Amino acid sequence: MAGMSPSERRLQKELMSLMKEPPPGVSVDVDLAEQNLLQWTVHMEGVTGTLYEGERFQLQFKFTNKYPFDSPEVTFIGNNIPVHPHVYSNGHICLSILTDDWSPALSVQSVCLSIVSMLSSCKEKKRPSDNAFYVKTCSKNPKKTKWWYHDDSV
Amino acid sequence: MGNCFKRATTDDLSLLRGSDSIRETFSNQLGSSPYQEALTVQSISPVYNPSPSVTSLVTQLTEEEQVKIAKRIGLIQHLPTGTYDGSKKARECVICMAEFIVGDAVRYLPCMHTYHMRCIDDWLMRSLTCPSCMEPVDAALLTSYETN
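Protein sequences appear in the order of chains F and U. Those letters in the first sequence? Residues 1 to 154, by the UniProt record's numbering. Those letters in the second sequence? Residues 1 to 148, by the UniProt record's numbering.
Do not take every clue at face value.
[Unchecked claim] On the chain F side, residues computed to face chain U include the following (Cβ under 10 Å):
no. : residue
1   : Pro6
2   : Arg9
3   : Arg10
4   : Lys13
5   : Glu14
6   : Ser17
7   : Lys66
8   : Phe69
9   : Asp70
10  : Ser71
11  : Asp100
12  : Asp101
13  : Trp102
14  : Ser103
15  : Leu106
[Stated by the list, open to error] In silico DSSO-like pairs for lysine-lysine, Cα to Cα no more than 27 Å straight-line:
no. : chain 1 : residue 1 : chain 2 : residue 2
16  : F       : Lys126    : F       : Lys140
17  : F       : Lys66     : F       : Lys146
18  : F       : Lys20     : U       : Lys89
19  : U       : Lys68     : F       : Lys146
20  : U       : Lys68     : F       : Lys144
21  : F       : Lys62     : F       : Lys20
22  : F       : Lys13     : U       : Lys89
23  : F       : Lys123    : F       : Lys146
24  : U       : Lys88     : F       : Lys13
25  : F       : Lys66     : U       : Lys71
26  : F       : Lys146    : F       : Lys62
27  : F       : Lys140    : F       : Lys125
28  : F       : Lys66     : U       : Lys68
29  : F       : Lys146    : F       : Lys125
Rather than coming from a laboratory, the hints here were simulated on the basis of the structure. Remember, predicted model here, so these are calculated numbers, not experimental data. C-beta atoms are modelled at their ideal positions from N, C-alpha and C, and glycine is treated no differently.
Input sequences plus hints: build the corresponding full structure.
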């Protein structure tokens, strides 16, 4: 761990613990993360008994070297973007802990658990009502979106 | 609260002097903020975060932001510090995820959560909240002043 910046040291620790004790249905692509510690791909399975049972998703985490003071940029990638009222078809996620409510005590693991729980509590598979407009006009980086968190129920 | 701020002297920036232990000096990390895109960042001017997602060079801060940051520095300096002696329950700093080592400089927040001083100061300069319980640090401090 010598010669690493504080953010690299913390990411390395998180990677090790996520590798050893991943939350159920979550796995990190360790090879990719070791090639570039600032960009991870996380695989996520839809939980049994929920609307997403049997589906597989991919999440991308991008970190800056100010992590964990700066929140990670988290988006769904790949060809299966979950259909959910808080997930835009371009993979952007409307989740307050990813911007306004971020805290350096949160981690990749806690973000994954929040997303699993956000998906699991969904009652109806649908896109956000402003999906078409948002996807056309948004920045590539969801952290530049001024999110308006209006609904805590799903 | 009368004596917790550095006294202003002549120029606008003086409010932010004398706080080297707290301020950050990132030299080439400004590309991520939308407010920074027009800048060529070669300078090593101190960088502040008036709010968690906004990064500004000291020279770009509005007067209001300078006052806000100066107040913040004053508040942080009033939070108790100490040296980790191995007797506390907290074993790990949740910010860097490293275990405390006897002799580490730590800071105690009013909610009793403990962090490495360098880790928590970096966060408090962005947001005056406890990372673990989200308790606002300034409100708790003001309450403790009132009750004393």
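List of violated hint numbers, smallest to largest | The structure conflicts with no hint, since it agrees with every one listed earlier.
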